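As given, the protein sequences belong to chains A and B, one line each in that order. What the first sequence shows, in full-length UniProt numbering, is residues 1 to 418, in sequence order. What the second sequence shows, in full-length UniProt numbering, is residues 1 to 418, in sequence order.
No lab work stands behind these hints, which were simulated from the structure alone. Being a predicted model, the structure only gives us computed values, none of them experimental. Incorrect hints may have been included.
Chain copies aren't distinguished; within one or between two, either way the pair holds.
Simulated pairs of lysine to any residue, SDA-like, Cα-Cα distance not exceeding 25 Å [unchecked claim]: (1) K219 <-> E162; (2) K158 <-> I175; (3) K77 <-> E162; (4) K345 <-> I202.
Number of protein chains: 2
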Amino acid sequence: MPYKQLDQDSVIEYIKSVPEMKQVFSSFDNLNVSEIGDGNLNFVYNVTNNEKPKETVIVKQAVPFLRIVGESWPLPKERMNFEIMALQHAAKYCPALVPEIYHASHEMCLIIMQNLTDHKVIRGEIIQGKYFPRLAEDTSTYMAENLFHTTDWFLDHKTKKELVGKFINVDLCKITEDFVFTNPYEKSDTNSFNPELTQENIDFIQKDSELKLAVAEMKYKFMNNAEALLHGDLHIGSIMANEDETYVIDPEFAFFGPIGFDIGAFIGNLIMAYFSHEHRQKLLGNEPYQYRKWLLDTVEATWELFEQKFDKLWADHQEKENLPYWQYEGGKEAAAEQRKRFIRKIFSDTVGFAACKMMRRILGLAKVADIADIEDLKERARIERMTLKMGKQMVINRDSYSSIQELTALAKELSPLV
Amino acid sequence: MPYKQLDQDSVIEYIKSVPEMKQVFSSFDNLNVSEIGDGNLNFVYNVTNNEKPKETVIVKQAVPFLRIVGESWPLPKERMNFEIMALQHAAKYCPALVPEIYHASHEMCLIIMQNLTDHKVIRGEIIQGKYFPRLAEDTSTYMAENLFHTTDWFLDHKTKKELVGKFINVDLCKITEDFVFTNPYEKSDTNSFNPELTQENIDFIQKDSELKLAVAEMKYKFMNNAEALLHGDLHIGSIMANEDETYVIDPEFAFFGPIGFDIGAFIGNLIMAYFSHEHRQKLLGNEPYQYRKWLLDTVEATWELFEQKFDKLWADHQEKENLPYWQYEGGKEAAAEQRKRFIRKIFSDTVGFAACKMMRRILGLAKVADIADIEDLKERARIERMTLKMGKQMVINRDSYSSIQELTALAKELSPLV
Chain A
1 MPYKQLDQDS VIEYIKSVPE MKQVFSSFDN LNVSEIGDGN LNFVYNVTNN EKPKETVIVK
61 QAVPFLRIVG ESWPLPKERM NFEIMALQHA AKYCPALVPE IYHASHEMCL IIMQNLTDHK
121 VIRGEIIQGK YFPRLAEDTS TYMAENLFHT TDWFLDHKTK KELVGKFINV DLCKITEDFV
181 FTNPYEKSDT NSFNPELTQE NIDFIQKDSE LKLAVAEMKY KFMNNAEALL HGDLHIGSIM
241 ANEDETYVID PEFAFFGPIG FDIGAFIGNL IMAYFSHEHR QKLLGNEPYQ YRKWLLDTVE
301 ATWELFEQKF DKLWADHQEK ENLPYWQYEG GKEAAAEQRK RFIRKIFSDT VGFAACKMMR
361 RILGLAKVAD IADIEDLKER ARIERMTLKM GKQMVINRDS YSSIQELTAL AKELSPLV
Chain B
1 MPYKQLDQDS VIEYIKSVPE MKQVFSSFDN LNVSEIGDGN LNFVYNVTNN EKPKETVIVK
61 QAVPFLRIVG ESWPLPKERM NFEIMALQHA AKYCPALVPE IYHASHEMCL IIMQNLTDHK
121 VIRGEIIQGK YFPRLAEDTS TYMAENLFHT TDWFLDHKTK KELVGKFINV DLCKITEDFV
181 FTNPYEKSDT NSFNPELTQE NIDFIQKDSE LKLAVAEMKY KFMNNAEALL HGDLHIGSIM
241 ANEDETYVID PEFAFFGPIG FDIGAFIGNL IMAYFSHEHR QKLLGNEPYQ YRKWLLDTVE
301 ATWELFEQKF DKLWADHQEK ENLPYWQYEG GKEAAAEQRK RFIRKIFSDT VGFAACKMMR
361 RILGLAKVAD IADIEDLKER ARIERMTLKM GKQMVINRDS YSSIQELTAL AKELSPLV
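Just need the whole structure built from these sequences, with the hints factored in.
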């Protein structure tokens with residue numbers, strides 16, 4: 001079927017034409033369609049059987065332009081292919097942590113998938129102070145499973161290289177290159193600031209050579225290290241969850257990049273949430289301690305669980321492979337040392353990428369509601385300044401943190417956990 | 001034209017069918033064909049007009065197997081595409097340093113190019129103690145031009161990524177992964193040794209954990225850092241030269257990899273030549289000093305000229321681009337610091353890769369004639385041991401050399417320049 005942009009009516013016709021939909025819907029006679037896209041990139045339809053509301057799917061279609069701007073900003077609709085391929089890949093290693101795919105069409109740049117009716121995007125929930133007891137456990141599993149199983153440690157040389165080629169994601173990588181690693185650190189029309197930030201606050205980032213050299217190194221790493229298949233945009237707006245389940249969604253930025261980028265995105269977002277709740281918990285009428293402690297505990301647990309799980313997957317694989325390379329007296333210990341050094345390097349990258357993800361949310365185009373929606377602009381600026389300060393220290397000193405606790409200690413130094 | 005394996009007769013028919021050949025040959029009536037392939041991978045024909053010997057071309061065709069073994073070892077003939085693309089790419093930036101391409105056919109996996117009648121493959125010549133006064137100058141130009149112009153520092157994000165995809169060279173990278181980074185460092189049927197090497201000499205490499213961790217890191221870097229378009233096999237058997245001109249040939253291993261790999265291949269080969277001439281110069285009846293000094297001078301000059309040229313290309317490009325990112329007080333100095341740090345990292349990689357290229361030539365399948373053809377096996381083993389010793393120190397300590405002179409000093413420590 002050649003590409004055609006669907007609307008509220010034609011989406012029903014399309015649903016009817018897809019054989020797999022007969023497994024989901026007992027009848028097509030009374031389907032309700034509502035467009036629920038957040039409006040940035042794609043059209044997202046919720047299609048539900050009015051008579052049996054449990055019969056429901058999400059239809060997500062890419063259009064050949066940036067939806068938020070309109071047809072004047074072309075963006076290849078083929079970006080949906082990356083989301084399809086990445087979801088299919090994740091379904092192999094952690095099916096419980098990604099929405100089930102019912103149907104995908106590369107021609108139509110469209111995917112029909114499980115409607116997560118009992119789950120919410122966690123950013124909004126975290127802003128409200130909701131706890132997600134499984135967040136560290138599930139996110140670390142998602143990352144360890146997806147990342148390990150797409151490295152050269154696991155894949156054979158041919159499969160890996162062919163996947164790297166299939167996942168060359170020019171346009172969406174460019175968005176990250178510009179909006180995470182470039183524009184926020186320079187004078188750029190795409191930036192926007194809280195007016196309560198001073199020029200000095202901005203220069204603190206944009207005119208500091210050590211910081212800029214460090215950010216440029218992270219950008220180079222992002223562009224040149226095809227280590228593993230990343231989600232590519234793993235902030236807390238890409239996770240839907242409730243108390244019992246966690247789903248990672250929207251992997252359209254997927255490509256082969258440095259492992260630390262995904263982990264850093266997630267951890268950086270939690271640190272910003274921690275800062276924001278210095279203010280928000282008071283607004284909510286709570287003592288800030290408990291929720292903010294949970295946020296930092298989640299940062300620590302995410303890294304520690306990721307580290308354990310990645311190492312375990314790799315160690316088990318090493319044992320199964322039993323490579324001749326490590327078959328000598330002391331070889332087993334050396335193989336363990338290899339894992340240790342490699343994970344140490346992932347940690348440095350994680351800290352560096354988390355820092356870039358934090359600073360860009362203050363000075364760049366795309367904000368996080370956690371901080372940007374704070375109405376008291378002076379209070380918001382205070383939190384923005386601590387975010388910038390932490391980001392700067394992190395990216396410059398990324399190789400010198402020896403544990404995740406040193407990172408959370410820095411957060412507590414800037415914003416005491418009381 | 002669909003693929004067909006050419007032979008001595010059909011190569012003439014093919015030549016006649018190629019329009020461009022009318023520019024080379026004034027007549028097709030008296031062509032002489034001789035097969036001159038070294039027998040490893042491809043068929044290489046020298047086609048010359050008997051009446052006018054200056055009318056001559058090289059026809060190189062890949063066959064769908066490893067020629068040295070036969071049809072039982074399949075190797076995709078499409079590998080020739082990488083050579084074609086790499087030669088065409090190099091012709092853009094250093095046309096004087098690669099053979100001119102007259103005709104290339106992706107279907108026939110074939111290239112017709114300039115016959116370098118006045119030039120010889122330099123390995124054999126260096127074994128004979130010949131000087132190549134332009135070697136450092138030209139090789140450093142070849143590397144700086146080709147490498148710089150395929151990095152993200154020069155190419156736009158889209159061109160770079162698309163080129164990375166086009167140059168995914170699964171099969172030939174696998175040869176390097178196995179024979180440069182794996183088999184020589186483990187018990188492997190593909191290895192072969194000088195019988196005068198002791199088990200202790202072999203264990204010195206194969207059972208040393210620090211060395212093996214370092215080699216594994218270099219292998220990972222080779223497989224995961226798509227920095228620039230490499231030649232991929234830049235040893236002194238891939239260079240043809242005379243006193244006035246230098247040509248780099250045979251880039252069929254081309255792919256996007258770490259910059260230091262090409263430089264390391266070349267420098268590692270010269271260091272082995274230096275060691276071999278401790279013995280060879282005496283055989284040739286010379287005082288060893290002068291020629292061996294030239295070899296080490298060439299090592300030093302190659303790195304220093306590469307460093308200067310790469311930095312100059314980049315600095316000029318930075319000035320032309322004048323990125324907003326560096327537009328602030330101190331930004332120009334920071335951009336210079338970026339170049340310095342980056343080149344420092346290339347140097348570490350160069351040392352590490354040179355080391356792997358050296359050690360594998362002693363313990364692995366493919367030898368270098370410089371050392372392996374030394375008839376006195378005890379003398380050969382002595383030189384092999386110094387090569388292994390130097391390689392081991394280099395790869396383990398690759399981050400701690402601060403100049404190329406420290407590297408040549410190490411060579412002189414192991415084999416005094418007297």
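Status of the hints after comparison with the structure:
1. Taking the shortest alpha-carbon separations for K219 and E162, both the intra-copy value of 24 Å and the inter-copy value of 18 Å come in at or below 25 Å.
2. Proximity of K158 and I175 under a CA criterion of 25 Å is satisfied inter-copy only: 12 Å between copies versus 29 Å inside one chain copy.
3. For a Cα distance limit of 25 Å, the shortest separation of K77 from E162 qualifies both inside one copy, at 22 Å, and across copies, at 18 Å.
4. Within a single copy, K345 and I202 get their C-alpha atoms no closer than 30 Å, and across copies no closer than 31 Å, so neither meets the 25 Å cut-off.
The structure fails hint 4 only (numbered hints given earlier).
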